[in-house]
Each structure stands twice: as C-alpha cells, then as structure tokens.
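**Q** Heads up: the sequence shown begins at 1 in the UniProt record's numbering, then just goes up one per residue.
Since the hints were made in silico from the structure, they are not lab data. There may be inaccurate statements among the hints.
Stated by the list, open to error - Listed next, with one range per pair, are the computed distances between beta-carbon atoms:
1) R353 with R212: 20 to 26 Å
2) R353 with G244: 37 to 43 Å
3) L324 with G350: 17 to 23 Å
4) R317 with N354: 37 to 43 Å
5) S182 with P367: 33 to 39 Å
6) A226 with T305: 43 to 49 Å
7) E100 with A226: 22 to 28 Å
8) E214 with R353: 42 to 48 Å
9) E246 with P111: 38 to 44 Å
10) R311 with R280: 37 to 43 Å
11) E246 with P367: 42 to 48 Å
12) H259 with P349: 40 to 46 Å
13) R212 with L324: 36 to 42 Å
14) G350 with A211: 31 to 37 Å
Fair warning: this is a prediction, and the values are worked out from it, not measured in the lab. Beta carbons: idealized from backbone N, C-alpha and C, even for Gly.
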Amino acid sequence: MCEMECSEVNLNDEELNSVELSPTGVPVSWRGADFTVRTEVALSGVNSRILAGGHFIVMMSWRRKIRRLLPARSVGLWAVLMVTSTLIMVSRRLTDPLREDMAVNVLPPMPATDQEMVRELFHYLSHPNRRTCRKVTRMGGGVIRGIRWPLAMDGHKYVCLDGEQLDMPHTDRCLVYSFGISNDWSFDDSMADFGCTVFSFDPSINMSSVARSELVHFRPVGIKGADGDDGDIGASDGADDRRGWELLTLDTIAERLGHARRPIHYLKLDVEGAEWSVFRQQAALGAGSTLARVEQLGVELHFLTHLPPERHTDFYRGLYESLLALQSLGFYLFSFEENLGLLDWVKIPGLGRNLTTAFEVVWLRSPCARQAAHG
C-alpha cells in the first residue's frame with residue numbers, strides 16, 4: 001500500500017518550457033544521466049555485497065576458532081558498514097519508489113463518439129507525463145539511414161530506473177523478455193551487461209534454442225494472442241504470413257520457461273503488428289495474466305494496416321478497451337518516441353499534429369499511481 005498521496009498532474013505550458021528536451025522528446029538531463037544512473041546502480045550492488053560480506057564475518061566471529069583470527073576492530077568495522085548500508089538501502093526504498101513529485105497521465109473512460117475516441121487514444125499515447133519516471137536511460141540501438149531524415153536511431157528501448165528499479169540488476173531476480181530481434185541484439189546485450197537474464201525470441205531467425213551468452217538465451221518462438229497460430233507475426237502489411245513458425249501466448253512461454261510465478265522486469269515487443277492480439281489476450285485475462293507481473297512494457301506500435309482511423313473504428317475501440325485494462329493493472333506511460341525511419345504518417349483530426357505510422361511507447365507498472373488515478 002502507498003503511504004503517500006499521489007496526484008494526477010498534467011504539466012502546464014510553463015512547466016513544459018522549463019524542461020530541456022532532446023529531439024525525441026525525452027528530457028536531456030535524464031537521457032544524459034546514463035553514467036550517473038549506472039553509478040547509482042553499481043553503488044546499490046556494493047551495498048548488497050557489503051551486507052553479505054559483513055553478515056558472514058560477524059556470524060563467523062562468534063565461532064571460537066575464527067574469533068581468534070579476526071581482530072575486534074575488523075568485526076566492528078564490518079558491523080558499522082552493515083548498519084550504514086542497511087540504512088542507505090532502506091532510505092532509498094522508502095523515498096525513491098514513492099516520489100512525492102510522481103504524476104501520471106491517464107486514459108479517460110471510453111468516449112461516446114468515434115472521432116473523440118480516436119483523438120483521445122492518440123493524445124494519450126503521444127503525451128506521457130514526464131514526472132512518471134525521473135531516471136530514463138536508453139538501452140541498445142544504433143544509427144540507421146532514415147527515409148524522411150538522413151539518420152535515425154533504431155533498435156533501442158527506454159528503461160526507467162527510478163526507486164526500486166535501481167536494485168533490480170544486482171539480484172538473480174532480474175528477468176527480461178525480448179520479442180523481435182531480427183539482426184539487432186543491442187538491447188538484449190545491453191540488458192545483459194546491466195546484469196539481467198534475458199530471453200530473446202524471434203521465429204524468423206534460423207537458429208535453434210541457444211545460449212548466446214551466459215545471460216542471453218535465444219528461443220526461435222514468436223508471440224501471439226493464441227497458441228499455435230502462425231498468422232501475421234512479421235507481416236506488417238497485414239498479410240497472412242504462414243511460415244510454420246511456432247507462436248505462443250505470453251502465458252504459455254512463461255510457463256514453459258518455469259517463470260509462471262516470477263516477475264518479468266522488462267517485456268519488449270517489436271513484433272510488427274502482433275502486439276495487438278497480445279494486448280487483447282492479456283487484457284481479457286486481467287489480474288490473472290502474465291502481463292500483471294510485468295514491471296515495464298516497451299512496445300513498438302504499428303498502425304499502417306489500420307489507416308485511416310475512421311475506417312477502422314472497431315479496431316481502435318478494441319485497442320482503447322485493452323489499454324484501459326492495462327491501466328487498471330497499474331500501467332502508465334513514461335516514454336513516447338516516433339519512428340523517424342518511416343515515410344507514412346497517421347493523420348488524426350483534432351490532435352494538432354501528425355504521427356508516424358509506428359512509434360515506441362513504454363509503460364511502467366505503479367500501484368501507487370494507480371491509486372492516484374482512480375481514487
């Protein structure tokens with residue numbers, strides 16, 4: 001339960017203008033703080049090791065033979081370090097996860113008209129609250145040649161490292177699922193370098209199940225809203241791409257890997273349109289879904305086969321309902337970035353801007369923010 005009172009806050013124009021932004025819309029001060037964030041995480045790991053080492057030495061000092069070998073000052077020093085480290089870790093957990101300045105933007109209830117529904121949906125997706133996550137870092141990615149722009153970034157995902165997330169990489173609990181690799185392993189390798197165990201999935205890669213490294217494990221499996229359906233994964237134009245790929249639900253994959261009860265700290269989906277059926281299936285399961293145990297969800301959303309929006313209102317109403325279900329599980333957007341390597345645009349009446357037909361969004365799950373949004 002949250003001990004603090006969170007509040008829904010939308011930044012006004014003055015506040016927005018006071019934040020220095022990069023071209024992607026992510027505050028420069030956050031994106032440029034990668035070294036600082038990694039240093040804080042490293043220090044968190046040092047705290048854990050101090051506690052473990054100190055506990056061992058203090059406990060062993062009670063044994064008569066060991067006590068003769070250990071100077072009293074050494075035992076005392078370790079005891080002090082243990083207490084200090086404990087206070088630091090407890091203080092961080094009491095302050096960072098429940099920040100007083102944390103705020104979220106919420107998706108309102110389903111509007112009555114189709115036009116209003118589409119406008120609210122795209123406004124929500126393209127306007128995350130910059131107070132939802134204070135420390136955002138980019139994992140993986142590289143520069144590619146774009147269509148409208150000479151150069152563009154691709155293959156990366158943004159990760160929130162606020163509060164309780166800081167201790168995540170320094171335990172054996174850190175678990176990442178990465179769907180959609182193609183030939184770009186940069187995100188997976190970056191998360192492994194960060195200390196996480198990564199399971200990488202892509203049925204289009206001609207490889208058998210293999211451990212790419214000690215922490216990166218590959219499976220030639222795809223994700224869909226139903227087991228055994230080898231439908232449109234990998235077919236961004238909506239065509240039925242039947243290649244004999246093994247496609248499974250997120251729940252089946254987690255169960256097969258022995259993760260049915262484990263939290264998944266980051267779920268990445270870059271599956272060329274298959275994300276929609278995953279959303280529908282997980283939303284239908286609600287609190288019993290595997291998604292309910294995911295801490296952060298990074299997805300590239302693909303709209304090319306659902307344009308113009310006014311001709312696909314049933315699809316967008318279904319998506320709206322799925323996102324409301326995600327919100328009820330405590331998921332709130334903290335990152336939005338357009339895919340600048342694309343040529344086509346989504347034209348949304350009343351939005352005040354056009355969007356590329358695919359863009360990256362990232363949600364984090366926060367029970368505290370959920371209380372604020374709905375209570």
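**Q** All hints, please: hold or fail.
**A** Results for each hint:
1. R353 with R212: 20 to 26 Å: 40 Å, violated
2. R353 with G244: 37 to 43 Å: 42 Å, holds
3. L324 with G350: 17 to 23 Å: 20 Å, holds
4. R317 with N354: 37 to 43 Å: 22 Å, violated
5. S182 with P367: 33 to 39 Å: Because 35 Å falls inside the window, the suggested range holds.
6. A226 with T305: 43 to 49 Å: Since the Cβ atoms of A226 and T305 sit about 19 Å apart, the hinted range of 43 to 49 Å is violated.
7. E100 with A226: 22 to 28 Å: Distance hint for E100, A226 is violated at roughly 43 Å.
8. E214 with R353: 42 to 48 Å: At roughly 45 Å between Cβ atoms, R353 and E214 fall inside 42 to 48 Å, so the hint holds.
9. E246 with P111: 38 to 44 Å: 39 Å, holds
10. R311 with R280: 37 to 43 Å: 20 Å, violated
11. E246 with P367: 42 to 48 Å: 34 Å, violated
12. H259 with P349: 40 to 46 Å: 43 Å, holds
13. R212 with L324: 36 to 42 Å: With a Cβ separation near 37 Å, R212 and L324 satisfy 36 to 42 Å, so the hint holds.
14. G350 with A211: 31 to 37 Å: 50 Å, violated
Consistency with the previously given hints fails for numbers 1, 4, 6, 7, 10, 11, 14, ordered from lowest to highest.
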